[in-house]
Amino acid sequence: AQEMDKVSVAIGQRGLWDTLVVHQGIEEGIFADENLSVEMTWTKGGAETLQAVTTRSVDMGFVNGMLGILGAYQRGAPVRIIGAEMTGANDLFWYAKSDSDLKSLADAQGATVGYSRPGASSHLVLLNLLAKAGVDAETVSAGGISDNRTQVMSGQLDAGWSVPPFNLDLVAAGDLRIIAKGSDLPELAEQTVRANISNTTFLTERRDVAKRFMRAYMKTVDWMYDNKDKAVERFAVFNNIDLEIAKEAAAFYPKEALLSVPVKGLDKTIQEAIEHDALREPLSQEQIDELLDYVYDPR
Amino acid sequence: MTHAEPHQKQRLAFVLWGPRTAGLLVLLFLGLILEVLVASGIADPSIVAAPSEMLMSLERLFTKDNLGAAFLITLAQALSATLLAMLIGLPLGWTLFRYEVLGRAYRGWLAAMFAAPLVLLYPLFLVIIGRNYGTTITMGVITGSIPVALYTCEALHKVSPTLLKVGAAFNLTAKQTFTLIQVPAAVPDAFTGIRLGLIYALVNIIGIEFLIDFGGLGRVVSTMFFRYDIPGMYAAIFFIILISLLFLTVLKKVERWLRPV
Amino acid sequence: MAQTGMNPRLRRQVLTLQVLTPVVLVILWELIARSGLLYEGVVPTILEVASAFWNEVSSPELYHHFGVTLMELFGGFTIATLIGVVTGIALGSRPFVSSVADPFLSSLATTPKIIFLPVVMLIFGIGPESKVALGALGGFFPIALSTMSGTLNVRPVLVDVGKALNLTRWQMLVKIYLPSLVGPIIRGMRLGLGVTIIAILLGEIKLSNAGLGFLAIEYYNTFHIASMYSILIIIFLTALSINAVMSYISQRFDRA
Amino acid sequence: MTATLEVRNVSKTFESDNGDRIQALAPANLGVKQGEFLSIIGPSGCGKSTLFNIIGGMIPPDSGEVIVNGVSVSGPHKDIGMVFQEESTFPWRTVLDNVAFSLEVAGMEKKERLEKARHFVELVGLTGFEHHFPHQLSGGMRQRTAIARTLASEPRILLMDEPFGALDEQTRLLLGDKLLKICDALKQTTMLITHNITEAVQLSDRVAVMSYRPGTIMRTIDIELPRPRDSELISTDKFAAYVGQIWEDLRTEADRGMKAVGEA
Amino acid sequence: MTATLEVRNVSKTFESDNGDRIQALAPANLGVKQGEFLSIIGPSGCGKSTLFNIIGGMIPPDSGEVIVNGVSVSGPHKDIGMVFQEESTFPWRTVLDNVAFSLEVAGMEKKERLEKARHFVELVGLTGFEHHFPHQLSGGMRQRTAIARTLASEPRILLMDEPFGALDEQTRLLLGDKLLKICDALKQTTMLITHNITEAVQLSDRVAVMSYRPGTIMRTIDIELPRPRDSELISTDKFAAYVGQIWEDLRTEADRGMKAVGEA
Ligand SMILES: Nc1ncnc2c1ncn2[C@@H]1O[C@H](COP(=O)(O)OP(=O)(O)OP(=O)(O)O)[C@@H](O)[C@H]1O
Ligand SMILES: Nc1ncnc2c1ncn2[C@@H]1O[C@H](COP(=O)(O)OP(=O)(O)OP(=O)(O)O)[C@@H](O)[C@H]1O
Ligand SMILES: [Mg+2]
Ligand SMILES: [Mg+2]
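Residue numbers (this note's numbering), protein chains in the order written: chain H, 1 to 299; chain F, 1 to 261; chain W, 1 to 256; chain B, 1 to 264; chain Z, 1 to 264.
Bear in mind the hints are in silico, worked out from the structure with no lab data behind them.
Do not take every clue at face value.
In silico BS3-like pairs for lysine-lysine, Cα to Cα no more than 27 Å straight-line [said to hold, decoys possible]:
#1 Lys238(B) to Lys238(Z)
#2 Lys211(H) to Lys6(H)
#3 Lys238(B) to Lys175(F)
Stretches of chain F that chain W covers, calculated by requiring three or more beta carbons in the stretch to come under 8 Å of a beta carbon on chain W [what the hints assert, rightly or not]:
#4 94 to 106
#5 121 to 128
#6 202 to 214
#7 240 to 252
Covered, in the sense of this in silico footprint (three residues per stretch, anywhere, with C-beta under 8 Å from a C-beta of chain H), are these stretches of chain F [to be verified]:
#8 33 to 47
#9 225 to 237
Using N, Cα and C, we set each Cβ at its ideal position, and we do this for glycine too.
Construct the entire structure; sequences and hints are all you get.
The structure is reproduced here in structure tokens:
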């Protein structure tokens, strides 16, 4: 057989429905069909993935926050967006203890509500949600999903953020109640919050590999929604969770949210980036054209 | 001194060319090389930051990112952790000294804990206490109180038996012996413990701030990294090193003053 | 611990205390776990921790991570020792140079190494190399400082003995300096090893795909608290045994 | 202000950590007369400090008793002032505060005690160094501070354990002269422990020679040299004769001691 | 195997870190004859070690020269063997390996050098302790090891700087006897630095008395005592006379020295 092309990728946030695309594709043999052998590294999030990509430790990075990418690009990092990873904020949700008075975010006047860190998508979405609900809550940079859970359970926070499948088991058990979802903000559905990236070297020297990779990636997304039962089962096995919960989690993600092209709502994102110090000034159109480099665009 | 004549010219030369000046010059020189390397494109600017840019970021860090406040937050945590560590460590050290059974039973354990990577317990406190100053200060207290207790105990043990005999020869009561001989004799060594305690508390607090993205100086580094603000990140690290230098210098001065040779 | 020179009664009391203390602590833990005072996920019962511990040690997964951490430790510590000793001797052989270097070295030594992780990652990527580099960076300073002060404090009269016998530079190094430095180097290595261990494990916690630190934080992130505790226990047992070995070595070879 | 001291059948055996027993003192007998200056000389490790500590009440004897002015005593006794072999000044106190120590713990008022301390500082020739800390002084000056501190408590009997043991011969001779002056002034009952023959002869009315372990008093020699004395004395025939006589007694003992050390 | 040594107009001034200048040696002149045992005595801090270091080539003089067997030398010279004032045995080597050190660096074969070393170990009376490490020995035994190590390099001139400075008087007298025997056996040109009068008189053919800083040779005294000698000598009138004579010269110098120390 012909020698397979090796590709190394870094992926943030292990085990979510959307971050498992590459895993699903590998298991299904979709990457192998493109003659690609994929080496996967899980990272803890955007900043680490970005480092890995810009220093060429890996060829491509998945699940990167837009703000981080924009900032790095403006500061001269050799980074390009090769496709959207997540459009909209359907995955995010906020929860409170079932025995608390918080039935929905509308009750959150004066309550403490967690998000991960300033400028992260959980922060932006929470601000939007609160604005929409018209309440003045105390937002707290409370760290990751597990940090939020501990603080909510021990009463230090009134509400915390999460993404599926995390904490859905507690919701199912009746300990927690979901009080808000990212999908409550339909306007956000038109904004890409996370993207997939690569570095300029890889994109020039092995563009063909990148192209095949993205083709396989998109095929995998199609496959996941065409064979949802199988995909959900694999998702459940990977995370060692109940099939029911896995189904529930998968339901958070409409297929449109996972489409790679195009990257939506960039203008708004740029504005937010400036507000949160990720960008010093808006990007010019030439810069945007350079940054968005869809290696494979079936449209 | 009998044949000592002050040689003004040589003194001046010594001050000018002393280690401190030389150190600064070396630092400047290294900075210059780095600047040239970055400017000429030999060093990748997405990996290293030009010193000039770093200095400019330092200004930005102070005005926009509240580095000053971050410093005060870290300082306040370190100082309160050290204070608590002293409140725990000093009596504990004394107890281990006073009651031989306890000393024999626990001193070795304490020494083992001193060598153990206690900072790794932070997830445990993250779980128990939460992601707040409680965790950072607790970690500071735990890592800080061990050297305080160990050195206090050691210091009391090390009090010269001759000095205690002097006390006995003057018929001192146990209380007088403690306040007039044991305490003053133990102060310099006990202070070494307090100095180590403070440094351990500071180091661990900054480290955990960085790890959990919370609090003062450590958080600033983490934020800069998250923002991919490389010069800002280097500037923050540089600032932390300066703070260590400052702490060390002050503490060593105090120690030298307590322990004249 | 040296327990010589204790009368038998004292020895018995000490032993009783040393046995009783962990028992009391365990019971206390169990009481807290059962009292429901703290959120149950946070303080699992002893039984839960024990079974998680057993699960860990009987899974081959653990040994993979253990191996990764040990490899990183070995690599980082070896590099730290080699560079530290050479740097220490080089700086220490000129008193002026060492007084210039001392403030730099000691303030870097007391800076938390973990904040250098971003820098190290920028240069070495996110694989084990960056952990090795961080560990080497951590271990380097104590070893260099100790070797440097050891070199500075090599007893001048021993150097004079060498000079009086017209020793060559090489003979001076091998017959006088190095033997004098055995003690300081081992002492520095002992301190450095502690820092290396911490740096590597924290590096794994912050960013990696393998290693005990990674495993612990992974369990934390996925709410497997009992498993997290068992990894922490394994980490501490390992660190304590490594330290015990180092203590033994330093007692053996440090004739100062 | 002075008194007599008697040591009757005092013996002491130490048990070391590993269970070995070291007999430091075989039953020893000794008397110091009112106002007398007695030196005890013996090789290193022969039990001199043990005897010193027993007399001062620092450690209890296994047998025998210590009698001060005809009364048997046990434990530290205020009539006995002790100057220790090792460095014993308080490093955190100035010379003056060191000397005033015993007065301070006795509750004497500040002004009064400093005045009195100043007197003893002068007596040992340290005027001008009142506000120096011990680390700013030479070894000889530190020992003089310790002597002044003990004298300030006005003991009726002065015990000194090799106060100049760590100093070189020339300094010892000079300090010996200083000590002679002080003794002439105070006429105090004094017991000096030393291993230096010259010093013993230079200072004493009587010299007791001790054997190597277990220490016993082998003999005592009256030193019939005129007072007031001075270190010039050492050039005299009589001085040399005393030195020779003591060395004759000590030599084999010292040799035994020297051999024992290496085997440790 | 022996030689003559001459010191001509050697002077030295030290400059301390803070710029103070200390004149340790004023121009000093001195000659040691073939096979002679010369002692240099002076108060502490008078510049004895400075002179020792200059002769041994450890430090350069500011002026003057050192002449060995008629030839001016500079730097360490293989004809000169040095025994230092401080503890100078290698703690990581056994007695035998310490003594064999110079032979080892000279490249002598193992068997040969150990045999030769054993001879010198015997000479200083340490047979039986060959495989002990220095920390297992007493101070006097360590100094004897250092002496044996220097003797093993077979220097034509032996320089010793207060080799027994840290020991007590009785041990010194005993070791002095040992040294006398060694010297009688080797008939080596020897220069001993000491601050102990008894030791100087006991051992030397001639004693040079040094003044306090800046050190100069004030006078030299021929010691006309018969050889072979022994420490019994100290009881003789003649011995006492020499001691007295030297003390007379030294006393004011020692006093100056003692006063200077406290002022530091
Ligand atoms: N507390 C102790 N425990 C065990 N052995 C002891 C103790 N104190 C002294 N010895 C031993 O008793 C012997 C006599 O000791 P001591 O200190 O009285 O001698 P010394 O004559 O004062 O010696 P030096 O001249 O060196 O001061 C020594 O062999 C010493 O090791
Ligand atoms: N390297 C040096 N730098 C500055 N001063 C020095 C140096 N070496 C010696 N001195 C000073 O020179 C003087 C003479 O010192 P030296 O060591 O020669 O005295 P010494 O007669 O050997 O004294 P001791 O009997 O105490 O050994 C002393 O005041 C000393 O402080
Ligand atoms: Mg004694
Ligand atoms: Mg000297």
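We went through each hint and held it up to the structure:
{"no.": "1", "hint": "Lys238(B) to Lys238(Z)", "verdict": "12 Å, holds"}
{"no.": "2", "hint": "Lys211(H) to Lys6(H)", "verdict": "13 Å, holds"}
{"no.": "3", "hint": "Lys238(B) to Lys175(F)", "verdict": "52 Å, violated"}
{"no.": "4", "hint": "94 to 106", "verdict": "holds (count 6)"}
{"no.": "5", "hint": "121 to 128", "verdict": "holds (count 6)"}
{"no.": "6", "hint": "202 to 214", "verdict": "holds (count 7)"}
{"no.": "7", "hint": "240 to 252", "verdict": "holds (count 8)"}
{"no.": "8", "hint": "33 to 47", "verdict": "holds (count 3)"}
{"no.": "9", "hint": "225 to 237", "verdict": "holds (count 6)"}
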